[in-house]
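Protein chains: 2
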Amino acid sequence: MALPDISRLCLHTITTKPWPLEVALDQYAQAGIRAISIWQSAIEDMGPVKAGDLVSQYPLDVISYVRGGFFPHPDPLERQKAVEKNLRTLEEAAALQAPLLVLVCGAHPDQSLTTSREQIRDGIEAIIPFAQQHKVKLGIEPLHPMYADSRSAIVNIKQALDMVLAIDSPIVGVVLDVYHIWWDDALKAEIDRCGQHDRLFAFHVCDWKSPTEDMLLDRGLMGEGCIDIPSIRKWTDNAGFNGYIEVEIFSNIYWQMDQTEFLHRIIDAYLHHC
Amino acid sequence: MALPDISRLCLHTITTKPWPLEVALDQYAQAGIRAISIWQSAIEDMGPVKAGDLVSQYPLDVISYVRGGFFPHPDPLERQKAVEKNLRTLEEAAALQAPLLVLVCGAHPDQSLTTSREQIRDGIEAIIPFAQQHKVKLGIEPLHPMYADSRSAIVNIKQALDMVLAIDSPIVGVVLDVYHIWWDDALKAEIDRCGQHDRLFAFHVCDWKSPTEDMLLDRGLMGEGCIDIPSIRKWTDNAGFNGYIEVEIFSNIYWQMDQTEFLHRIIDAYLHHC
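Order-wise, the sequence lines are chains A and B.
Per my numbering, the first sequence starts with residue -19, numbered consecutively.
Per my numbering, the second sequence starts with residue -19, numbered consecutively.
With the rest of the complex left out, here is chain A (with noise of 0.2 angstroms):
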């Protein structure tokens, strides 16, 4: 069944890249969008205390700040450094009143994906106590396997889970985006399984174009491509989540165009391809 209306609607302000923050936060609100994810590429020139008065003014939900992560490093004054990098994005996020921070957790080609994913777990579980001190939850995000020599070690949702169930705080869960995942035939399974261990944090939405040009700035709008979103978004229902849906596209093609008509495009992708 499609989606009856925009209510479950959120973007991310990197989709409308063009737009200054405070143009998105205009035009979402007009276009009757309930939620924003932020990139930290968004606030750059404001500041996030100021960020976050400004978006207070909106009726929009903040839903996650994105992004942090990028642990592993083979020099351990680095890692501290990404550590530290963490904690002031963590301060950002808490700035915008933002509920989660999306992790990208890195990988660095000169060193195997297994110590990656070691540098990964203890750098999120040095960040806990900060996060919570700060009441924003910390989402995993698994990434395309395309993305394993340089942006993450965590190349799956099984990967993800599993180290999320490691490190065992409640505040700490899954980010899916079809994009990374829809080629996986353990999907179904492990979305369950997120589910079942109530650890599913956010779901975000795009599509894999045929061709596609660029390894990261061609993603496609929903029933563009040749990911099956309705089946994979029936997946999270019945695993239990019902928050947003997160319209997060990167894309040279659309923010070539005029924002205000790609943004009636991704409404009317959301209600037919989702």
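In short, the hints are calculated from the structure, not lab data.
Be aware that a few hints might be false.
Because identical chains cannot be distinguished in the list, a pair is counted as satisfied if it fits within a single copy or across any two copies.
[Unchecked claim] Using 20 angstroms as the maximum straight-line C-alpha spacing, the simulated SDA-like pairs for lysine to any residue come out as follows:
1) K189 <-> A74
2) K189 <-> S130
3) K189 <-> M126
4) K189 <-> P54
5) K189 <-> M(-19)
6) K189 <-> D90
7) K(-3) <-> Q10
8) K61 <-> V84
9) K168 <-> K214
10) K138 <-> D165
11) K189 <-> S92
12) K(-3) <-> Q239
13) K168 <-> T95
14) K168 <-> S92
15) K138 <-> K168
Here the structure is a predicted model, which means the values were calculated and not measured.
Given the coordinates of chain A, work out where chain B should sit on it, guided by the hints.
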């Protein structure tokens, strides 16, 4: 332990794509290389019979013919065409006296990966008798999940081996390429399992550059990326594989350099990073 010499080195013609087949044969033989895997593009001009005659004049074993496959399609007529095309490809392989046809199995963005995998199995089963008659084995190559929209619904070694065992023919096995599978944490266990069933038919090497600039044509020389090739190679050794180690690199960068110099670099990389 590093490889002691180049007695197990095989080159794919696509690796030195600017060279016509006759130049590749001359140059490989002069460099002391003993084996070659031949791409369809390398024999297009002269045809398989003439190419087979030419190859037989050189002290080079033909290891595989690349490539068949691309079975899935929503239209049954297109699937029938794909089967017929694979029969012609098998005839070409036989003319070259290639003992193995590498299968890039295919996928289609308009249908599920499950459906595509069923069609892959049907396609392979349809060509087995003809392959047996022509004394050509069939190798299922799992491809990286970033190609799951169009090139291969088989995205990891477990799926490839499971299909091989379900088909249950002694002429169908698995072809491994480190580029496609390095990120998989089931890798060692699945290579072992291939060995237990005596189904590891071929082993390809190159490297994953960090960053990678192009999804298809930016493969690295062994040692220049993040793949731990020596460990994977040792796992294939332990699984009883004693065939050739095949260098298969698609690279706009390397194709632009002097190919004799590139050949020397390949040999050096093979001796130091495999």
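Item to check | Within, between, both or neither: K138, K168 at alpha-carbon 20 angstroms | outcome: both (11 angstroms within a copy, 18 angstroms between copies)
Checklist entry - Can you tell me if K189 and S92 fall within 20 angstroms by alpha carbon in one copy, between copies, both or neither? => result between (30 angstroms within a copy, 14 angstroms between copies)
Checklist entry - Between the shortest in-copy and the shortest cross-copy C-alpha distance, which are at most 20 angstroms for K168 and T95: within, between, both, or neither? => result This pair counts as between: shortest inter-copy Cα distance 16 angstroms, intra-copy 28 angstroms.
Checklist entry - What label fits K138 with D165 when the C-alpha limit is 20 angstroms: within, between, both, or neither? => result Intra 11 angstroms, inter 11 angstroms, cutoff 20 angstroms: intra and inter.
Item to check | Within, between, both or neither: K189, S130 at alpha-carbon 20 angstroms | outcome: between (22 angstroms within a copy, 10 angstroms between copies)
Item to check | Alpha-carbon proximity context of K189 and M(-19), limit 20 angstroms | outcome: neither (23 angstroms within a copy, 43 angstroms between copies)
Checklist entry - Should K189 paired with D90 be assigned to within, between, both, or neither, using CA atoms and 20 angstroms as the limit? => result between (31 angstroms within a copy, 11 angstroms between copies)
Next on the checklist: Within a copy, between copies, both or neither: which one fits K189 and P54 at a CA-CA cutoff of 20 angstroms?
Outcome noted: Close across copies (18 angstroms), not inside one copy (35 angstroms); limit 20 angstroms.
Checklist entry - Checking K61 and V84: alpha-carbon separation at most 20 angstroms within a copy, between copies, both or neither? => result within (16 angstroms within a copy, 44 angstroms between copies)
Checklist entry - Between K(-3) and Q239, at a C-alpha cutoff of 20 angstroms, which is it: within one copy, between copies, both, or neither? => result within (9 angstroms within a copy, 44 angstroms between copies)
Next on the checklist: For K189 and M126, with the copy left unspecified, which applies at a CA distance of at most 20 angstroms: within, between, both, or neither?
Outcome noted: Answer is both; intra-copy 15 angstroms and inter-copy 11 angstroms each pass.
Next on the checklist: Within a copy, between copies, both or neither: which one fits K168 and K214 at a CA-CA cutoff of 20 angstroms?
Outcome noted: Result: close within a single copy only, 10 angstroms intra versus 34 angstroms inter.
Of the numbered hints given earlier, the model fails hints 1, 5; all others are met.
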